[in-house]
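*Asks:* Chains A and B, in that order, give the protein sequences. Numbering of the first sequence is given in this note's numbering, commencing with residue 1 and proceeding in unit increments. Numbering of the second sequence is given in this note's numbering, commencing with residue 1 and proceeding in unit increments.
Some hints here could point you the wrong way.
Straight-line alpha carbon distances no greater than 20 Å define the calculated SDA-like cross-link-like pairs of lysine to any residue that follow [what the hints assert, rightly or not]:
#1 A:K330 - B:Y61
#2 B:K37 - A:S257
#3 B:K121 - A:I319
#4 A:K82 - B:P30
These are computed hints drawn from the structure, not numbers from a lab.
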Amino acid sequence: MSTLLPETISDALGIGGVTGTFLGGVIGAALVGSFILVNTAVAGPWLKRKIMASFWEKIGPNHIGPFGSLIMVADAVRLISKELVVPEGVDRPAWDLAPMVLASSALLGFAVIPMGSILGINVQLADPEVGLAFVFAVASIASVGLVMAGYASNNKFSFLGGLRAVAQNLAYEIPLILTGISVVIFAGSLQMSEIVAAQSQTLLSVGPVDVPAWFGILNPFALALFLVANLAEVGRNPFDIPEAPTEIVAGYQTEYSSVYFVLLYLGEFIHIFLGGAIVATVFLGGPAGPVLPGIVWFLVKIWAVFLFTQWCRSSLPRIRVDQLIGIGWKGLLLASFANLIVTAAIVGVLAV
Amino acid sequence: MSDWIAIGALALVAILIPVSMMVVSWLLRPSVPEQGKRATYESGEVPVGSSRAIKFNIQYYLVALLFVVFDVETVFIIPWTVVYEDAVTEIGLGEALLPMALFLGVLLLGLGWAWRNGAVKWVRSAQVDSQRVSES
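Modelling step: build the complete structure from the supplied sequences, incorporating the hints.
*Replies:* What follows is the structure in structure tokens.
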């Protein structure tokens with residue numbers, strides 16, 4: 001097993017013991033956090049608009065900087081320096097904490113994601129044995145933040161949005177987890193590095209090309225299920241029912257302005273990337289790929305998932321809230337159970 | 001152990017990033033109190049009543065109850081998936097797979113029961129039904 005990022009840093013600094021581990025951890029965490037923030041900064045204010053614009057035959061931001069890319073800076077300054085309007089009758093600590101809960105919990109999930117290597121440094125903060133369970137646990141803290149935002153805002157639209165967000169997350173979390181752990185049957189471990197290692201073998205060779213045993217190739221049905229459940233989990237079309245601008249204004253975000261709005265928005269984008277990182281690690285061989293360094297492949301994979309969510313967002317109509325419950329509890333849940341049992345049966349028959 | 005120190009460090013950073021953004025915003029942003037600005041948004045009307053006293057669909061409770069059942073069940077499934085492949089070689093396919101299949105079968109029976117009783121079908125109030133023009 002290769003050295004993790006905090007250990008590499010503490011070795012480079014030459015500090016041992018608990019102090020070194022802690023310092024390495026903090027510096028490594030700052031690096032990983034900034035890396036994710038840079039990704040969301042590119043995605044949120046600029047590339048998302050550009051992608052949407054291409055889908056809808058528009059131009060998108062084009063005034064500031066090359067291809068309008070400096071809109072990232074302009075938007076960040078603009079949003080952060082807006083006045084914060086505190087609505088009447090908000091439930092104060094909860095209303096202030098909700099954006100923080102959303103953004104922080106999504107960021108925390110990246111602690112165990114193997115992001116590949118660059119210049120021989122393995123970019124992964126931690127590799128506990130419960131890796132996959134940890135990611136799912138942390139990713140679902142967001143539901144708490146959504147309830148807090150919806151309840152505390154003292155707005156009927158927010159309240160309905162919060163309720164819808166929770167109903168949706170509850171309906172799709174079980175299929176998400178069941179499909180996610182169906183690959184654990186292949187890998188035999190919850191540890192992220194083990195899951196990636198299990199996918200590094202060659203499945204079959206077609207001429208000079210070796211097809212790797214990525215779980216997405218072994219079981220494409222599970223990958224499709226996971227992508228759909230993940231779309232619902234991050235609340236993008238066709239599952240953007242919690243926000244549903246034509247029905248309930250902006251859902252739980254209605255009463256948020258200034259930096260709180262930025263944090264909610266940021267949290268959503270980090271969540272999309274966290275979903276992409278889980279898909280990449282569990283189904284697409286993690287940072288594996290030919291020629292280029294691992295971290296580039298990792299980026300390619302998470303951005304591919306991001307592009308997929310934006311594609312769905314720009315081209316699919318929203319489903320109704322009653323259809324949402326039906327699809328989640330009748331369709332996806334049964335499909336994920338079937339996937340789990342069939343996977344277990346096939347692996348069992350092969351292993352005997 | 002060092003894994004959890006690193007995770008704790010990221011938790012610290014994950015809290016510091018939003019807090020620092022809030023501090024920067026607090027330093028930059030203006031404050032222009034105005035009458036009526038703080039009213040909550042209700043399509044431009046004066047808000048009526050409290051948002052916490054509104055009546056909402058019972059469905060949200062039902063799916064939350066179902067969720068608790070299935071969430072506890074995933075806790076039992078996760079360890080099974082981890083040991084499954086080794087268990088098959090050690091004690092055979094039947095003994096590794098059938099108990100879990102039975103467990104899932106009971107759960108799915110429960111889901112079927114909930115389905116038949118309409119717990120996973122969106123509840124419509126009588127008022128909504130009476131206002132409905134056509135059934136599609």
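*Asks:* Next step is simple, just say for each hint if it's right about the structure.
*Replies:* Do the hints match the structure? See the list:
Under the criterion of a C-alpha separation no larger than 20 Å, the hint pairing A:K330 with B:Y61 is consistent with the structure, at around 17 Å. For the given pair, B:K37 sits about 12 Å from A:S257 by alpha-carbon distance, which is consistent with the 20 Å threshold. Taken as a hint, the B:K121 and A:I319 pair is honoured in the structure, with Cα atoms around 15 Å apart against an allowance of 20 Å. Between A:K82 and B:P30 the alpha-carbon distance is near 7 Å, which keeps this suggested pair within the 20 Å criterion.
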